[in-house]
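4 protein chains.
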Amino acid sequence: MKETYIKEIERPEFKNPLLIEGLPGMGMVGRITARFLIKELGAKRFAELYSPHFPYYVLVNKKGSVRLVRAEFFFWKNPTAERDIIFLTGDSQAQTIEGQYDVADKILEFAAGLGVKVIITIGGYRKEADEAPKVVAVSTSQALLENALQGKAIASPAGNPIVGTAGLLLGLSRFRKIDALCLLGETGGYLQDPVAAKGVLQVLQTMLKLQIDLKNLDAQIEKSGEIAGRMREIEERRERYAQKMRKTEEKRITYIS
Amino acid sequence: MKETYIKEIERPEFKNPLLIEGLPGMGMVGRITARFLIKELGAKRFAELYSPHFPYYVLVNKKGSVRLVRAEFFFWKNPTAERDIIFLTGDSQAQTIEGQYDVADKILEFAAGLGVKVIITIGGYRKEADEAPKVVAVSTSQALLENALQGKAIASPAGNPIVGTAGLLLGLSRFRKIDALCLLGETGGYLQDPVAAKGVLQVLQTMLKLQIDLKNLDAQIEKSGEIAGRMREIEERRERYAQKMRKTEEKRITYIS
Amino acid sequence: MKETYIKEIERPEFKNPLLIEGLPGMGMVGRITARFLIKELGAKRFAELYSPHFPYYVLVNKKGSVRLVRAEFFFWKNPTAERDIIFLTGDSQAQTIEGQYDVADKILEFAAGLGVKVIITIGGYRKEADEAPKVVAVSTSQALLENALQGKAIASPAGNPIVGTAGLLLGLSRFRKIDALCLLGETGGYLQDPVAAKGVLQVLQTMLKLQIDLKNLDAQIEKSGEIAGRMREIEERRERYAQKMRKTEEKRITYIS
Amino acid sequence: MKETYIKEIERPEFKNPLLIEGLPGMGMVGRITARFLIKELGAKRFAELYSPHFPYYVLVNKKGSVRLVRAEFFFWKNPTAERDIIFLTGDSQAQTIEGQYDVADKILEFAAGLGVKVIITIGGYRKEADEAPKVVAVSTSQALLENALQGKAIASPAGNPIVGTAGLLLGLSRFRKIDALCLLGETGGYLQDPVAAKGVLQVLQTMLKLQIDLKNLDAQIEKSGEIAGRMREIEERRERYAQKMRKTEEKRITYIS
Chain R
333 MKETYIKEIE RPEFKNPLLI EGLPGMGMVG RITARFLIKE LGAKRFAELY SPHFPYYVLV
393 NKKGSVRLVR AEFFFWKNPT AERDIIFLTG DSQAQTIEGQ YDVADKILEF AAGLGVKVII
453 TIGGYRKEAD EAPKVVAVST SQALLENALQ GKAIASPAGN PIVGTAGLLL GLSRFRKIDA
513 LCLLGETGGY LQDPVAAKGV LQVLQTMLKL QIDLKNLDAQ IEKSGEIAGR MREIEERRER
573 YAQKMRKTEE KRITYIS
Chain Z
333 MKETYIKEIE RPEFKNPLLI EGLPGMGMVG RITARFLIKE LGAKRFAELY SPHFPYYVLV
393 NKKGSVRLVR AEFFFWKNPT AERDIIFLTG DSQAQTIEGQ YDVADKILEF AAGLGVKVII
453 TIGGYRKEAD EAPKVVAVST SQALLENALQ GKAIASPAGN PIVGTAGLLL GLSRFRKIDA
513 LCLLGETGGY LQDPVAAKGV LQVLQTMLKL QIDLKNLDAQ IEKSGEIAGR MREIEERRER
573 YAQKMRKTEE KRITYIS
Chain B
333 MKETYIKEIE RPEFKNPLLI EGLPGMGMVG RITARFLIKE LGAKRFAELY SPHFPYYVLV
393 NKKGSVRLVR AEFFFWKNPT AERDIIFLTG DSQAQTIEGQ YDVADKILEF AAGLGVKVII
453 TIGGYRKEAD EAPKVVAVST SQALLENALQ GKAIASPAGN PIVGTAGLLL GLSRFRKIDA
513 LCLLGETGGY LQDPVAAKGV LQVLQTMLKL QIDLKNLDAQ IEKSGEIAGR MREIEERRER
573 YAQKMRKTEE KRITYIS
Chain P
333 MKETYIKEIE RPEFKNPLLI EGLPGMGMVG RITARFLIKE LGAKRFAELY SPHFPYYVLV
393 NKKGSVRLVR AEFFFWKNPT AERDIIFLTG DSQAQTIEGQ YDVADKILEF AAGLGVKVII
453 TIGGYRKEAD EAPKVVAVST SQALLENALQ GKAIASPAGN PIVGTAGLLL GLSRFRKIDA
513 LCLLGETGGY LQDPVAAKGV LQVLQTMLKL QIDLKNLDAQ IEKSGEIAGR MREIEERRER
573 YAQKMRKTEE KRITYIS
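Residue numbers (the working numbering), protein chains in the order written: chain R, 333 to 589; chain Z, 333 to 589; chain B, 333 to 589; chain P, 333 to 589.
Where hints are given, some of them may not hold.
Just so you know, same-sequence chains aren't split out, so a pair can sit in one copy or run between any two.
[Stated by the list, open to error] Taking lysine-lysine pairs in the DSS-like style, the calculated list, with each CA pair at most 30 Å apart, reads:
| id | residue 1 | residue 2 |
| --- | --- | --- |
| 1 | Lys449 | Lys576 |
| 2 | Lys395 | Lys541 |
| 3 | Lys547 | Lys509 |
| 4 | Lys466 | Lys339 |
| 5 | Lys395 | Lys576 |
| 6 | Lys459 | Lys376 |
| 7 | Lys395 | Lys449 |
No wet-lab data here; the hints were simulated from the structure.
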């Protein structure tokens, strides 16, 4: 495999489709969000994306078979609202700089071919303070951004970098006449952060008028809360210890110099 | 050399050929297994694979000449059973992500051209416990997997990654209508692990009804056992020491904080 | 995006244009210089350069929108002198070896197409002594070099490497029949060094007979001076401490050996 | 510059030409050897090799101008013997795996086009013992190897890797019907090792019946000998100290465990 490649399982007809991207990243916020929606809405897989820029291993599945690292496209035929939703999630992001640009571009090319005019990408955002996590929004379209802010997202400060596919899809969408919004759930960056994903889901629910029950995330939240609690404890002890050491060191430097 | 390149020395006619791949990897299980079979069966070299993704050095041979890092294809004309066997082994795997995908793809393209419909890849599997090493099997074909389980392999738990050529050949075989099985010998990961290779050879012997004498591996096993024993000793001492240090450190942290 | 790509917003007519390049680098000397001139002269943006070799993130701007990492071309219609000036500045340089060559080449190809016959690149130069920063000049053209030396730049000692786009543009300009000069402002290498940029601006002012007021840099210089002062203090304390440690260590070595 | 590129300054007619390659590497043995021969024989530059796989900087020369990192081809019209000699030396080797293969291949393609049937590559060889440095030879041709052994080179033990262009040229020469020999001067690996180069020059002198005076290397040898002496002293002190530390540590481990 020399090139990033999209294998279509079927090609459905879409009504004004919107693409929601949630690949692995900080706190796994994008992936948890996308997978939750796919499961709750019963979205159906219709295409797979393979790339020589993905990690070079295969994953064993439950039946003792294996598959390449990949991303997958799902669709949900919206029975009431005016637009169908396409989801993109997967195992990994591209592993090299040039690969990141290439994969993002292939996703956009495919999406444009499906008639997608709006993309929402989802990721994590490093949270500094210990408050309830907010959802940060940026968009290439003022209308989309306002839509997100009405859904309780907050605007991002200027100068922030948004790393990886969630960012590049916005940056590259300009060349395709696609509007794009990025929703970043604030997270402490722990391995799995379903609380941050829940925040993003609340914004999406309002924006897209989705009928889903977010309580189904609560078991996952409880479990990850326990893990995060233990990790925080260890970190805090380490930090207190490091501070003591720094103070001791500083005294010593003052003494010696 | 811009591209991975296969140089054919001869092009034999094959009867329903099966490819066994054993390139260097964890514990050198694949390479030891493939080389043992090639030697015992008297398989004959018929093609060489070169790649700009292999390490950029040459190796000196016994006659004072040199050759590029490469992989080699051998074949064995099976006098009794219904299928000939092709072997692939070599000096190295590709060194970059994109190179790994490219080399695996070139191998599959070549194998498909030779009429190969079944591939068995061999590798090592990180063993946790101190028990006798098992052989772990995964396959893209349920029939092949059951065949391996009858040969005393065990099924892999879900979620495991299989890294490198042994894994990618399975993942990419789907695009070529080739069935593939991966046999992973459990190993402590030491440089050379012929015990793990012996386990894989026992499974292969049963599966392929091969008449070979595994006793010829015993000298190699004895030698590597001595080395591994010494390495284990050193590691255990280190581990005991590190544990003491950690306990001392933890006491100190508790005291200071 | 598979290839470095220049998006033209408009294509002005130029009178004997000269290109000044100032991308991020040591002490940000090039970027500060180019941006100062663009602002003071009121230069106008007319093209954008995107590349899969740039970092794979997007940057959030003040309106809550985002854009890809990019470089930008500006032009200034010189009302009096005989030549217009084109400026190139941006967010980043290419992140891989091959990417550096590719981006530099694309810049030259575009410049040549605009009729550019002379390029001035700007960068930082590691300053050893604690004296007032000088401006070091090298050029592919003896006439350009002398012009810079008349503007109070000094010649570079032989053997120095000039890393990145500022250097490669000179090296590659030979293949395009473009003359090129590189002006390097001596800098301690701190994050932002407007003092070094001021030195370069003085040389440029003389060379190009520009009517600009360098006092507008002074606020920036004052601010960065405070930061640099604090950094220097910390470094000096560290250095004194490290020296003491080295002496103690040396005594110990002498004692033990 | 997307591709490795050879710029020909002139295209001389050659009489059965032989190529000697000496690019930078361990102890700079190849580069010192090639440059010494070029100077002593008065060889003339006729082609330059540029590559996007070389480091991305330019070098300042004595006239205050700059040039890209490059390799250069020189030729010497042999007035007496039956063959002309082409030399290849330069600033650097390719910096990536794929780049190494690409540059070596471009060199061979160019050499083949000039009618080269024999290549001698020169490098350094890690010396273990403290004896007088030998010259190690490997070759793709038995006749060439014997020729080198008659010139007092010794054969290489099997299994050794020869890294970089000096090795790859031998490995890849097979595909071009070119015979190749590699001469490796034993070196402690110091930055510049003209003693190792002298050893290689003695072998070349005998093999190629060259009339050159190796005494011209002696000043360089004396200077580098002083530097090496000082480095060795420092290293020995460090090693003695590290040994003491290891012994102390081992005692402690035994005590604790």
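Hint check results:
| no. | hint | result |
| --- | --- | --- |
| 1 | Lys449 <-> Lys576 | neither (55 Å within a copy, 61 Å between copies) |
| 2 | Lys395 <-> Lys541 | between (37 Å within a copy, 26 Å between copies) |
| 3 | Lys547 <-> Lys509 | neither (37 Å within a copy, 43 Å between copies) |
| 4 | Lys466 <-> Lys339 | neither (36 Å within a copy, 36 Å between copies) |
| 5 | Lys395 <-> Lys576 | neither (52 Å within a copy, 43 Å between copies) |
| 6 | Lys459 <-> Lys376 | neither (34 Å within a copy, 38 Å between copies) |
| 7 | Lys395 <-> Lys449 | between (38 Å within a copy, 21 Å between copies) |
Hint check: violations occur at hints 1, 3, 4, 5 and 6; the rest are consistent with the structure.
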